[in-house]
Amino acid sequence: MKNIPEENLRLIQEFTLFDDLYMNVFFKDFEEGAQWMLRLILDDPQIEIESVRVQEVVLNLTSKTSRFDIAATDKKANHYDTEFQTVLYPDLKKRGRFYLSNEDMDMLPRGENYDTLADSYVIFICRGDVIGDGAPMHHFTMKDENGLELGDGQHLIFINADYAGDWRLKDLMEDFKEADPDKMRYDILKKRAERLKKEEVGIMYMNESLRDLVSKREQAAQLAGYEMAYETAQREQYEKQAKIAQKMLADHMPAKKIAELLDMTVEEIEKIRKNER
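Residue 32 is where the sequence shown starts when you use this note's numbering, and the numbers rise one by one after that.
If you're looking for bench data, these hints aren't it; they were derived computationally from the structure. Model, not experiment: these values are computed from the prediction. Note that the Cβ used here is the ideal one computed from N, Cα and C, for glycine as well. You can trust all of the hints, since none of them are fake.
Pairwise CB distance ranges (calculated):
#: 1; residue 1: E301; residue 2: E45; range: 57 to 67 Å
#: 2; residue 1: R98; residue 2: R266; range: 28 to 38 Å
#: 3; residue 1: K174; residue 2: V232; range: 40 to 50 Å
#: 4; residue 1: D50; residue 2: K174; range: 28 to 38 Å
#: 5; residue 1: E205; residue 2: Y269; range: 51 to 61 Å
#: 6; residue 1: Q44; residue 2: K95; range: 28 to 38 Å
#: 7; residue 1: R98; residue 2: E63; range: 17 to 27 Å
#: 8; residue 1: N144; residue 2: Q44; range: 47 to 57 Å
#: 9; residue 1: V88; residue 2: L181; range: 27 to 37 Å
#: 10; residue 1: D175; residue 2: R304; range: 56 to 66 Å
#: 11; residue 1: P121; residue 2: Q277; range: 42 to 52 Å
Please work from the sequences and hints to get the whole structure.
Rendered as structure tokens:
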């Protein structure tokens with residue numbers, strides 16, 4: 032195809048839904064697909080999705096920022112976050128807890144009562160067994176020691192996409208891992224993949240997304256280089272000042288006076304004094 036590098040064409044054909052870039056493009060403005068996926072995973076044909084956002088960032092002034100892969104809201108105001116996870120980080124369980132809390136904050140405006148909170152779901156689709164007991168799927172809710180359900184509306188789900196046995200979501204997981212649209216089992220996913228990988232408009236769009244990704248990574252690398260150079264310069268300047276301060280301290284000059292002359296704090300001078308010992 033004209034003006035598209037061969038390497039990009041190859042990458043586009045090799046993408047699966049476990050590749051962030053492809054997953055983002057695949058589900059962007061694809062409410063029908065997100066609804067179908069959630070209905071199948073949760074075994075609930077009544078779910079009616081109202082909106083879908085990919086790579087949604089949840090900002091909080093006092094805590095860590097969250098980035099949801101596929102954030103969806105249904106007509107009952109229930110929130111869903113679906114994460115495609117290739118690496119089994121040890122913090123996934125607590126990340127799920129944190130994501131659930133961010134969903135709650137997003138759906139409860141100031142002044143609203145707690146009983147207006149809808150249900151919230153965080154679904155991790157993983158390349159491996161997060162829980163480690165060999166089961167293909169775990170659906171966690173709050174229960175007491177006797178198994179009594181609290182009913183607070185929070186759901187944390189872990190799915191092992193690599194589970195080898197037959198089970199309810201086996202075909203769905205295989206489609207998520209499949210790069211070739213012709214080998215996909217579900218028509219709704221197959222048609223979407225064909226549009227992005229076989230039709231010229233979709234391929235061009237994927238290529239532009241790749242170019243944007245490369246550009247952003249280059250900008251990030253450049254910024255990181257600038258930050259590293261700045262930190263190096265700052266460290267070298269501090270080391271020079273520290274050597275001068277050491278000589279002044281050796282001449283019994285007061286720390287306050289040294290700080291004024293070198294544009295440093297008294298605390299920094301006292302730290303230099305301690306490090307000499």
